[in-house]
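Engineer: Below are the chains, spelled out letter by letter.
4 protein chains.
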Amino acid sequence: MTKPLNVGLIGYGFMGRTHSNAYRKAPHFFDLPYEPVLKTVCGLEEDQAKAFAQKWGYESYTTNWKEVVEDDKIDIVDICVPNNVHAEIAIACAKAGKAICCEKPLALNVAQAQEMVDAVEAAGVPNLVSFNYRRVPAVTLAKQLIDEGRLGRIFHYRANFLQDWTISTDVPQGGDATWRLDVKAAGSGVTGDLLAHCIDTAMWHNGQIDAVCGMTETFVKERMHAETGKVESVGIDDACTFFCRFGNGSLGNFESTRYARGHKALYTFEINGEHASIAWDLHDLHRLSYFDHRDDSIVRGWRSVHVTDGDMPYMDKWWVPGLQIGYEHTFVHQVADFLEAMDKGETAGPTFRDALATQKVCEAVLTSAKTSQWQNITY
Amino acid sequence: MTKPLNVGLIGYGFMGRTHSNAYRKAPHFFDLPYEPVLKTVCGLEEDQAKAFAQKWGYESYTTNWKEVVEDDKIDIVDICVPNNVHAEIAIACAKAGKAICCEKPLALNVAQAQEMVDAVEAAGVPNLVSFNYRRVPAVTLAKQLIDEGRLGRIFHYRANFLQDWTISTDVPQGGDATWRLDVKAAGSGVTGDLLAHCIDTAMWHNGQIDAVCGMTETFVKERMHAETGKVESVGIDDACTFFCRFGNGSLGNFESTRYARGHKALYTFEINGEHASIAWDLHDLHRLSYFDHRDDSIVRGWRSVHVTDGDMPYMDKWWVPGLQIGYEHTFVHQVADFLEAMDKGETAGPTFRDALATQKVCEAVLTSAKTSQWQNITY
Amino acid sequence: MTKPLNVGLIGYGFMGRTHSNAYRKAPHFFDLPYEPVLKTVCGLEEDQAKAFAQKWGYESYTTNWKEVVEDDKIDIVDICVPNNVHAEIAIACAKAGKAICCEKPLALNVAQAQEMVDAVEAAGVPNLVSFNYRRVPAVTLAKQLIDEGRLGRIFHYRANFLQDWTISTDVPQGGDATWRLDVKAAGSGVTGDLLAHCIDTAMWHNGQIDAVCGMTETFVKERMHAETGKVESVGIDDACTFFCRFGNGSLGNFESTRYARGHKALYTFEINGEHASIAWDLHDLHRLSYFDHRDDSIVRGWRSVHVTDGDMPYMDKWWVPGLQIGYEHTFVHQVADFLEAMDKGETAGPTFRDALATQKVCEAVLTSAKTSQWQNITY
Amino acid sequence: MTKPLNVGLIGYGFMGRTHSNAYRKAPHFFDLPYEPVLKTVCGLEEDQAKAFAQKWGYESYTTNWKEVVEDDKIDIVDICVPNNVHAEIAIACAKAGKAICCEKPLALNVAQAQEMVDAVEAAGVPNLVSFNYRRVPAVTLAKQLIDEGRLGRIFHYRANFLQDWTISTDVPQGGDATWRLDVKAAGSGVTGDLLAHCIDTAMWHNGQIDAVCGMTETFVKERMHAETGKVESVGIDDACTFFCRFGNGSLGNFESTRYARGHKALYTFEINGEHASIAWDLHDLHRLSYFDHRDDSIVRGWRSVHVTDGDMPYMDKWWVPGLQIGYEHTFVHQVADFLEAMDKGETAGPTFRDALATQKVCEAVLTSAKTSQWQNITY
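Chains as they are written, first to last, in this note's numbering: chain A, 1 to 379; chain B, 1001 to 1379; chain C, 2001 to 2379; chain D, 3001 to 3379.
It is worth saying that the hints were derived from the structure and are not from the lab.
Treat the hints with caution; some may be incorrect.
[What the hints assert, rightly or not] With a cut-off of at most 20 Å between alpha-carbon atoms, the simulated PhoX-like pairs for lysine-lysine come out as follows: (1) D:K3003 with C:K2317; (2) D:K3073 with D:K3095; (3) B:K1055 with A:K3; (4) C:K2003 with D:K3055; (5) C:K2055 with D:K3073; (6) B:K1264 with A:K317; (7) C:K2221 with C:K2184; (8) B:K1264 with A:K55.
Every value quoted in this text rests on a predicted model; they were computed, and no experiment measured them.
Turn these sequences into a full structure, and let the hints steer you where they fit.
Structural biologist: Below is the structure:
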């Protein structure tokens, strides 16, 4: 029997929408052990919180997140606020015994992230960080192909996350829409926002990163702050490149920027193994490129796999071959996996601990960029 | 103020799911004049109807479609059953004053379609046929570009709809999953199922088709019937090709088959104009290819437009640039447009009358194939 | 030992260049039984013939093609003049016992082509028509894959040849550069110029075409004639579409136009078989697309084969994997194959007889377009 | 009037072929001030040198390169031997007053390269290093677009050169075919062989590289030596990644490997500017990808420019729009440019001095990889 699962959402911004949609949709497509009930939404502005609650069918709203955490009826808290408030809320949730879904990156830095891990592990609450791209079916399929050993020994892992939305010097920092440019709210620039995704997927696919060497740049040094109205120094990294060594002996090359004209959200990865290679691109997220050297040589080539058939990860839940799903479905898959694992007393990654590892890599990259030195990482 | 709109769904198969999902999602993303209420679902098997109602939150279920039509509380009937029962249900709905959304193709033949048009027009009820691909944002964008005159005089319209799911002789005809291969249920094969989509879009984009010349083939002549268990002659067209002349002087070339190995649902079109050309492909539905001869010659080339920005049709309702939507969203757009138009007393195409025109082209193509003669079409 | 082979070239235009280049290059890359010697070139304008001879190292030049045919030292005559003079020259060559390489299409019509075939077969001279695209390595590879049975039963053959260079009404007809628009010089428009290539390849790949049904259009009805300076009615077909039935039961769909904005010389074909499909595109002639349904389903997709490795047709003669060849190399392959076959007393296709078959299809298509009737073809 | 230019070729391997072909073809397509005469070829094995001379029409052959250098009739020496003998031969040529075309990379190291530069500059002889990819028309076009200012301020330059031919441990090192794996003959692995190309193009496009930080790896530590037959330690870098800062403030990211399964010779670059971006790929060398943010937003996208029209660099010399050229043509362009510049007393880059700059970057990258430290570069 399906049990109700009361959801408290904190943050009604872009991510609040994607998560709300996921809770609503998941039960129609997956056979879930729990039925999510949209109980309450919390946000800073009362009128916006109210409007959001109406739009999405939350039973109530509040502007005080502590009410959500202290509400006995709430089973799971979903944290969709800027990075600088993740830690406080999540730790309170853990103490209150709530299951937690937290947006990425987990924290502003490793120290915070460690506290959060300690809190959820001490409390023994189900916890998940929303590195949603793991659950693009093609990305999940890549994991499956690697685990099946199709690639053989892996030599290279390459990932990029390229955007172009901050090139204009008119884009402000801070505020609702552009808090990602304000180092106080975001902790870092592309490293925490974009590379964190690449790193999470990479370590899931290819194992632990042992050492990194990075470079960062801030192309636009000053921007108006949306809250103060004043031109202030920009503290985030506009671009970050790093290379690394994985524990399995393979080499990594990662790059992210918001100054790559022509790319909106071009998250790509490529993995080169002894026998086969894989490549993927968020701009065509329903395809996976695959090359297998074992094919007959005269018909050997990169295959473009249209990941829409029922034997592909998650795709038996959706439509028929040839008909693609999109960005939002990754969150539906996340909800489904989280709830199914929770019901079994298991863990659906990425957990807070997994996200701590990603945080360590991010921090090491930023330190390397500052010190011009390689950084070793211990987990 | 949002008014409730009570929905009665007839048919709980693949299309029943896509339409139910659309009614559920539309209010969360669009500001609609009506709030769809999933009132009742009707289907042949009681246990399946019940399960469907539970899954999707319909308040009730029935196995008798007449109950839906006669139910005073129902405002709109959504017809998602095989083609051979569209007419009877739709005509009853019209007489009962219901708004109607009917799956495509409208009918088994032109005579039936004409009766249906007469019925809805006599009753003055809102009516729409679910040629959903018009509402892929890239396809809508193509319409916009043509209407803006960017292409200039149009010379060619080319469309294909290629699949490969019936190549095996083991696929049966008839029954729940394969009624599309049974001429009694489907009326025709690829012509009504697939080319009807291409024709609907083409006439929307490029105006009326005046004359057609076609060829059909049935590659597998006999298949077991899923209901009788007997091997029976196959009455549908497995493949259909036709060329035509549009009213605007341009030439058309259309082809559909279920024997194109490697293509799952490859609906493509290309339009060549004096100044510019457009191409699109359902397998990457979030992109539109555009070529503009007026570009500087040294940087002139086909552009791949990633149709995800907020200034693209419908895309302000969804996510952010770079993040794609998929197949299901076309139905959400359809619900939104239908309800908005209904509220204004207007019509959101394609209406039954539009679908009658498509039916005329389909029938003319089949006649041409049988008689080996060009067929003129009058509307 | 390599024997000298004296070449007489008639026509110093675009094709004269490509053929001269091929004779010059072939011996450096292939081990040929003959060493082509550029003996004489013939063309209408003496100064141009002289300049061409100097540029390409022809020993002499003339403005009278009969001198070439009557010259005892000439072993092979290469005919690169407009279509309307192919027949007279080729028949004279045959009578003079010359080997003949003739540009395509073979003749203005079937009657002429038949005379030419009769002449070369009566004389027993080696003869070849320059349908060069057969010898793109990827196109030759397609033939190999079909002959190996990899595709299984073939259902569909589809080919297009799309250009956009005559859209402007300012392009004249007739004269040196635009004789292809003058029906008197060219015989037909896109049918003989472009579709002839598609038909030659198609029948080589997929066997005989039994019946055709076509449509043509002339979008620009009048153009200035470059020789007379007067505006004259345009007699060629600007666009031609036809479908057909092959002897093996498969369906064909062919289209050509010079009004497809954005396509310079987009010759494409796609072949759909029971087990596998193949696609190719002249704009990326060094690639072959291949889909094999027998691949594991989770990694099944269209493969893009980069046809540059040494085990691909002709490619052992060129560079190393990854490094592409281009358009001109098809003519080098043609020279090599023609000379090797000649040395063995064998025939390298397409012969005049093969080209006669193509001419029959072209003529049937044009007749069908005029009469609006299917045309059966006998060979 | 065209003057004869006597060519002496040293090295009859892969590069000897490409250069010989270029000297032969250039005069047929370009109007050159000199007519190259293939005078003599030199190589280690007499029978092979003789066979090569016959194949390509060299008037004589020798096994002693000093004979070539000392031959008064030779005007230009073309050096196509392994890297470890470039310096000695080139310096001797300079002293003998010969024009020099030398294969890349210029030398084994910076010290050698400096001596070579000193020698040619002291002698005042025309000198060119065969970084042939500059002369792919699409790559030259990229340079033109940058120089026209179309990109605006440049933020990123990214280049890869990926191959997969040494993954098998059975590939030997040393010897004729695999000297590139022997550090004594090659100087380095992918850095000098592949990245040198990327660096040459990058500094031509985007200016000087000021500082680099790199990482290298040798995946297969021991390989049999083809000459000794013994298993020996591998001294080359199998893979090399580096990032860098350009003098113009932009960031660079470069990677090369011979362990990227699925890539034969995938040299790619991408340049992101304020207004526009450019991308290119050697596997489809006849295309340039271009994105211009100034396009109307609804039709904005990456353009695939088919670089085959007559207004593209070099393309007026070849065929007609749509018909591609290939790898070998870059060498023809190089010969044409070198001879035209020589005639005017000018320099066609890349000169030995340009190649010295590339050598400095390569050496700095290797040093950085060894020391795990950034390296500044002075020119």
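Engineer: Hints first: check each against the structure and report whether it holds.
Structural biologist: Here's how the hints hold up against the structure:
For the suggested pair D:K3003 and C:K2317, the alpha carbons sit about 32 Å apart, so the restraint of at most 20 Å is broken. Proposed proximity of D:K3073 and D:K3095 is supported: the alpha carbons are some 15 Å apart, at most 20 Å. Between B:K1055 and A:K3, the direct Cα distance comes to roughly 14 Å. Compliance with the 20 Å bound is thereby established for this hinted pair. The straight-line distance between the Cα atoms of C:K2003 and D:K3055 is roughly 14 Å, inside the 20 Å bound, and the hint therefore holds.
This hinted pair does not check out: C:K2055 and D:K3073 have alpha carbons roughly 24 Å apart, beyond 20 Å. A hinted pair counts as satisfied when its Cα atoms are at most 20 Å apart, and B:K1264 with A:K317 qualifies at roughly 17 Å. Distance hint between C:K2221 and C:K2184 is fulfilled; the C-alpha atoms sit about 15 Å from each other, no more than 20 Å. For a cut-off of 20 Å, the pair hint linking B:K1264 to A:K55 is broken: about 36 Å separates their Cα positions.
Taken one by one, the earlier hints fail for this structure at numbers 1, 5, 8, listed in ascending order.
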